[in-house]
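Chemist: So the chains spell out like this:
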Amino acid sequence: MSDCQSVIRQLWEYLDGELPAGEAEEIREHLAACAHCYPQYEFQLRFLDALVKAYAAREVPHPEFVRRLRTTLDAIGDDLT
Amino acid sequence: MTHPADGRHAAFQAEALQHLDAVYRYAYALTRDQSEAEDLTQDTFLQALRHWEQFRPGTNARAWLFTICRNLFLRQRERRAREEPTEAAVLDGIASTAQAFAAPADAGRALFDAPELGDVIRKELDKLPAEYREVVELSDLQDQSYADIAQVLGVPLGTVKSRLFRGRRLLQEALVDYARDAGLLPPPGSDA
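Which chain is which? The protein sequence lines are A and B, in order.
Last residue of the first sequence: 761 in the numbering used here, with the numbers rising by one and none dropped.
Last residue of the second sequence: 830 in the numbering used here, with the numbers rising by one and none dropped.
The set of hints was computed from the structure by calculation and includes no laboratory data.
One should not assume that every hint holds.
[Said to hold, decoys possible] Only pairs whose alpha carbons sit at most 27 Å apart, straight line, appear in this in silico DSSO-like list of lysine-lysine:
#, chain 1, residue 1, chain 2, residue 2
1, A, K733, B, K799
2, B, K765, A, K733
3, B, K799, B, K765
[Said to hold, decoys possible] One side only, chain B facing chain A, incomplete, derived with CB under 8 Å:
#, residue
4, R663
5, E676
6, T679
7, Q680
8, L684
9, L687
10, F693
11, L710
12, L755
13, D778
14, R806
15, Y816
The C-beta atom is built at its ideal place from N, Cα and C for all residues, glycine as well.
Construct all of the structure, not just a fragment, from the sequences and the given hints.
Modeler: Next up, the structure:
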């Protein structure tokens with residue numbers, strides 16, 4: 681069973697899906713049973729979720745730029761064939 | 639008129655162009671300017687098309703495009719010879735452990751329910767040193783693995799992790815500071 685310190689240390693790798701299955705399972709079990717670590721996990725989870733939502737509202741390429749780029753790429757693609 | 643069903647161009651269309659939005663956003667994260675981001679995005683796709691035979695099918699096309707985009711950006715910046723010499727020093731000077739921030743009790747509820755949170759995050763993200771912002775962007779917006787980010791940036795996996803964790807941690811600290819200033823959280827020392 682993992683101890684609290686190692687769980688907190690690996691929390692982001694766990695949330696990012698970067699840990700091997702066995703280690704991830706140990707952390708999952710620890711979080712389900714630990715009143716100290718679970719709120720930290722929940723905070724990090726909500727933080728990452730808020731980041732994704734904040735990003736989603738950010739700039740997207742202008743449709744006119746996308747149209748011009750596609751036209752340019754098609755013309756170059758023709759030349760390369 | 640549609641393009642002739644040439645294998646090379648058709649493959650480029652199918653594999654690369656679906657990542658146009660992602661590449662633009664990454665270019666924007668690097669340049670912080672719409673016009674420069676458009677130029678960089680265009681240069682990235684032009685170079686990708688010209689060197690399409692170097693892409694290995696079945697590998698991560700988005701990461702491949704990010705690598706081209708970043709290399710072009712660095713080359714342009716070099717050409718301008720306006721490197722900020724302080725960047726490395728700033729990074730070295732930030733003493734921070736590479737692990738999750740110890741959130742104050744109840745910070746989550748007060749902070750993440752704030753309606754202005756998205757604006758605050760975007761503002762604080764812009765303030766992050768470029769090295770951190772870039773990794774947070776690649777991981778949290780572009781959903782790239784640590785290994786793919788390491789490939790894009792040409793740095794070891796450990797560097798990706800430390801930059802990502804420090805970047806997130808700096809953001810979290812800034813958000814908690816914001817929440818305290820806005821009265822959403824009690825000042826430090828009183829939140830037992």
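Chemist: So, for every hint listed, does it hold in this structure?
Modeler: We went through each hint and held it up to the structure:
no. : hint                 : verdict
1   : K733(A) with K799(B) : holds, 22 Å
2   : K765(B) with K733(A) : holds, 18 Å
3   : K799(B) with K765(B) : holds, 20 Å
4   : R663                 : holds, 7 Å
5   : E676                 : holds, 5 Å
6   : T679                 : holds, 7 Å
7   : Q680                 : holds, 5 Å
8   : L684                 : holds, 7 Å
9   : L687                 : holds, 6 Å
10  : F693                 : violated, 14 Å
11  : L710                 : violated, 15 Å
12  : L755                 : holds, 6 Å
13  : D778                 : holds, 5 Å
14  : R806                 : holds, 7 Å
15  : Y816                 : violated, 12 Å
Hint check: violations occur at hints 10, 11 and 15; the rest are consistent with the structure.
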